[in-house]
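Using the sequences and the accompanying hints, generate a full structural model.
Per full-length UniProt numbering, residue 1 is the first one in the sequence shown, and the count goes up by one each step.
Certain hints may be false.
[Stated by the list, open to error] Distance condition first, Cα-Cα at most 20 Å in a straight line; then the derived SDA-like pairs of lysine to any residue:
no.	residue 1	residue 2
1	95	161
2	172	110
3	11	64
4	71	81
5	95	84
6	137	153
7	11	100
8	71	111
9	71	118
10	137	161
11	79	111
12	11	58
13	172	158
14	11	62
15	137	152
16	79	109
17	11	55
18	71	61
19	95	82
20	79	63
21	71	59
22	95	108
23	11	29
24	95	159
25	95	171
26	11	112
27	11	111
28	11	65
No lab work stands behind these hints: they were computed from the structure.
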Amino acid sequence: MKKYEYPTYAKLIHLGLAVFGITAYLTSEFANDDVTSIGYLLHSYLGLSVAAIIISRLVVGVATQGPLSFKDWSPFSIKQWQLSLDDFRSLLSLKIPERDRHQGLSGITQAFGLFVFTWMSLTGFSLFMLGSNTGSKAFEFIEEVHEVGETLIPLYLFLHVGAVALHMLCGKPIWKKMFKFKKRKM
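Encoded structure:
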């Protein structure tokens, strides 16, 4: 397994998705009011921020060769699913899997998170663009599809945060790869 660090832009994307994504999720109940209410606008603007961050993440994934690149990472490959199955088996035997980033269960979990946040961004943006047309069938359908994501976000957070906590409990603080910033020399 290669040792790696994430560049600052990757950490900022992760932090932005975490802060704005969780905050948008927590304000979703306020969005049930009128489209001109403060709660709706707060949730909408937080969601639009998540959409901007997820777009930047997807662009970085497609356009670069760095640690966030999608070029060597296919969550749909048979190899990826075989590695995930091996990882699951090692978890059942109470061992933490050792993989490179985007490999095995780690890669599947990350792909699931990107899918959920992209889903929520697309449907949320569509609802925002439809605006005051809340009585239309299109709005109601997109709203229902958007609400499916409300159950997927906690599932993703459970998987992601749970994996980080499990690694930490086993003496492998992988969270430091994302939240440890280098000090600048003056």
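Fill in: Given pair status - residue 153, residue 137, alpha carbons within 20 Å
Not satisfied, since the Cα-Cα distance of roughly 25 Å exceeds 20 Å.
Worksheet item: Is the straight-line distance between the alpha-carbon of residue 95 and that of residue 159 20 Å or less?
Response: OK: residue 95 and residue 159 at ~17 Å, within 20 Å.
Practice prompt. Given the hint that residue 11 pairs with residue 64, test it: the Cα-Cα distance must not exceed 20 Å.
Written response: The given pair, whose Cα atoms are some 16 Å apart, holds under the 20 Å limit.
Worksheet item: Does the alpha-carbon distance linking residue 172 and residue 158 stay inside the 20 Å limit?
Response: Given pair residue 172, residue 158 holds - Cα atoms ~18 Å apart, limit 20 Å.
Worksheet item: If you draw a straight line from the CA of residue 11 to the CA of residue 62, is it 20 Å or shorter?
Response: Given that 20 Å is the threshold and the Cα spacing comes to 17 Å, the pair holds.
Item to complete: Verify the proposed pairing of residue 137 with residue 161, using a straight-line Cα cut of 20 Å.
Response: 37 Å, violated
Worksheet item: Under the criterion that the straight-line Cα-Cα distance not exceed 20 Å, is the pair residue 11, residue 55 satisfied?
Response: 15 Å, holds
Worksheet item: Given the proposed pairing of residue 95 with residue 161, does the C-alpha separation stay at or below 20 Å?
Response: 18 Å, holds
Worksheet item: Are residue 11 and residue 65 close enough, with their CA atoms no more than 20 Å apart?
Response: 16 Å, holds
Worksheet item: Is the hinted pair residue 95 and residue 171 satisfied, with a Cα-Cα distance of at most 20 Å?
Response: 12 Å, holds
Item to complete: Take the C-alpha atoms of residue 11 and residue 112, compute the straight-line distance between them, and say whether it is at most 20 Å.
Response: Holds, because 19 Å separates the two Cα atoms, which is no more than 20 Å.
Worksheet item: If you draw a straight line from the CA of residue 79 to the CA of residue 63, is it 20 Å or shorter?
Response: 24 Å, violated
Checked against the numbered hints above, the structure violates hints 6, 10, 15, 20, 23; every other hint is satisfied.
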